[in-house]
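Chemist: Protein sequence lines correspond, in order, to chains U and F.
Take this note's numbering: the final residue in the first sequence is number 382, and no numbers are missing along the way.
Take this note's numbering: the final residue in the second sequence is number 382, and no numbers are missing along the way.
The hints are all genuine.
Covered stretches of chain U (chain F as the covering partner; in silico rule of three or more C-beta atoms under 8 Å from a C-beta of chain F):
1. 65–77
2. 90–96
3. 188–200
Take a look, some chain U residues computed to stay more than 10 Å from chain F by CB distance:
4. 59
5. 100
6. 101
7. 103
8. 105
9. 145
10. 229
11. 231
12. 286
13. 312
14. 335
15. 337
16. 338
Just so you know, the hints here were simulated from the structure itself, not pulled from any lab data.
By construction, the Cβ of each residue, glycine as well, lies at the ideal position given by its N, Cα and C atoms.
2 protein chains.
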Amino acid sequence: MNKNKPLTKLSTLGEFGLIRHLTKNIKLKNASSLKGVGDDAAVLDYRDKRVLVSTDMLIEGVHFDLAYVPLKHLGYKAVSTNASDIYAMNGTPRQITLSIAMSNRFSLEAVDELYEGIYLACDHYGIDLVGGDTTSSRTGLCLSVTVIGEADEADIVYRDTARENDLICVSGNLGAAYMGLQLLEREKAVFNTDPNVQPDLSGYEYILERQLKPEARGDIVRILRDKKIKPTAMMDISDGLSSEVLHICHDSGLGCRIYEDKIPIDYQTFRMAEELNMNATVCALSGGEDYELLFTVPLADYDKLLTIEEISIIGHTCPPGEGHSLVTRDGNTFELKAQGWVNFNETND
Amino acid sequence: MNKNKPLTKLSTLGEFGLIRHLTKNIKLKNASSLKGVGDDAAVLDYRDKRVLVSTDMLIEGVHFDLAYVPLKHLGYKAVSTNASDIYAMNGTPRQITLSIAMSNRFSLEAVDELYEGIYLACDHYGIDLVGGDTTSSRTGLCLSVTVIGEADEADIVYRDTARENDLICVSGNLGAAYMGLQLLEREKAVFNTDPNVQPDLSGYEYILERQLKPEARGDIVRILRDKKIKPTAMMDISDGLSSEVLHICHDSGLGCRIYEDKIPIDYQTFRMAEELNMNATVCALSGGEDYELLFTVPLADYDKLLTIEEISIIGHTCPPGEGHSLVTRDGNTFELKAQGWVNFNETND
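Use the sequences and the hints to build the structure in full.
Modeler: Written out as structure tokens, the structure reads:
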């Protein structure tokens with residue numbers, strides 16, 4: 034944004050003017066998008082495919098802090114976290130609808146930045162923005178995205194279909210987004226104490242990007258398809274590894290063993306955890322927003338899995354009687370417990 | 034709610050506990066709902082049909098005032114206003130996803146009331162709740178509903194397909210929801226001045242219900258289908274008649290003539306307007322939230338239309354050069370102007 038140019042008040046456009054401004058350059062990319070923005074509803078064509086639908090809401094002060102989250106990144110993240118839910122069903126995201134509530138403290142230029150990120154992510158994932166709602170809010174910014182995707186019925190992978198002695202796998206690495214958040218929070222606190230201190234973020238670019246601009250792992254879905262590996266169960270990791278492993282195990286009626294030394298953690302995550310006196314494994318188990326894929330695969334696919342660099346085998350399922358355990362580096366066994374994000378705690382009223 | 038029983042804090046359930054509590058009684062009704070709540074995405078089957086998608090966001094303090102809107106009504110309204118968008122495409126609503134952000138000032142009992150209204154509306158319209166997101170907010174209540182519906186491709190009615198010399202029709206009557214809102218606002222102001230004064234709402238039950246518990250006009254869609262009348266263009270009236278008439282005319286590249294004496298207005302709407310020194314026609318033209326259907330029909334269907342009690346012919350389209358005019362009771366002609374709701378005005382930051 035050019036700081037010298039006066040900013041445009043949203044009130045000068047009106048609701049319909051704003052919608053026209055924000056949607057005028059949309060070009061629909063998918064054959065399934067028959068009619069996008071501009072009528073009472075979008076019209077989609079999903080003839081031979083099953084339709085996948087997921088939705089997420091992002092609230093200022095709960096899910097993001099505009100003190101350090103650039104609006105463009107926020108827009109990008111709102112789309113990629115939703116795309117992640119469709120990939121987690123082994124599907125392909127095709128359309129989103131986007132509802133936004135914002136107060137008049139946002140200028141048109143600020144809203145344009147947000148949409149720049151949204152359209153960038155839509156292009157990256159091949160998604161059409163086909164509808165939405167734009168309204169005012171009394172206080173903060175509120176985003177709600179609904180994503181619609183497709184899959185052949187036989188390809189869909191649920192959470193409750195893991196089997197005994199399946200391999201438990203994750204893509205990429207874990208805990209990085211959470212460490213990125215901790216770093217941003219630390220630098221914000223420093224800035225609040227002394228606004229003259231410049232934030233020190235160098236050497237931590239990767240974990241910052243994992244927090245601010247996470248990517249949905251469509252590449253992993255495609256690699257698995259190419260290698261003819263069909264997961265028996267899958268979900269994306271938004272609330273932390275342990276919470277999601279327990280989800281799949283509970284829904285599938287299984288126990289599990291997870292090995293601490295197999296959990297993939299990036300060097301920057303380790304280093305940040307050390308600097309903050311935290312345990313990197315705990316961050317991987319309980320820190321959220323990684324948007325990596327967690328999935329189970331039959332033991333027979335073991336050799337094929339080894340050829341995929343971006344996938345780690347972190348444990349296996351077992352009969353339900355054997356419980357849910359974490360085997361630590363030193364060989365001790367602990368019960369795996371869900372922590373994840375607890376949104377409804379006592380402090381955030 | 035039993036006022037003597039202590040209320041349950043949301044924090045005692047946690048996010049997953051709350052979702053389980055709120056969704057445990059869902060029984061999917063539609064053949065197209067293959068998998069509802071409980072995975073990364075819902076799975077739908079729309080084989081031979083086109084998929085219709087629309088979304089709406091409701092923000093406390095902007096779209097509703099909990100000082101006089103019962104939570105159960107709010108839940109009902111959130112569903113019916115979305116269903117209305119699918120009917121306005123000449124389709125049938127089948128599924129919704131629902132995202133809710135709320136602060137800890139809401140008890141579990143309050144959330145249950147909201148969901149009671151949501152499920153009541155889902156039953157009324159034959160809709161399945163198939164997914165959503167539940168989160169906390171720092172301040173007010175925020176609801177976002179995405180509705181998914183179906184139609185045969187040949188049945189879909191858009192906004193931009195009206196033709197010259199079509200009849201312009203509306204269902205039901207207009208301005209009632211706006212008058213209901215004015216009454217509620219008046220009684221709230223009285224209450225704020227003197228909390229001992231009981232609100233005086235008697236004789237105005239109908240306009241209150243139009244504001245608090247609007248119905249989507251699926252019945253009109255079915256009647257038109259039974260009578261073999263296919264509208265050439267259609268939309269629902271959420272922002273006031275004039276704004277919506279201009280939408281259809283602009284999108285279809287047409288002019289129009291609307292006759293004031295043909296605009297259907299209920300007796301209670303007239304009476305309330307008189308009491309408040311307002312013009313009932315202006316309320317019908319510019320007051321929002323009626324959720325009646327506005328549609329255009331070929332002149333050839335005139336006789337068939339006359340047999341339908343709930344439909345009024347209020348004017349006709351004309352060549353674009355003839356402009357958009359309102360012919361008043363006394364025979365004067367004015368230019369029709371959009372007013373509707375202006376959300377982004379200067380006052381609501």
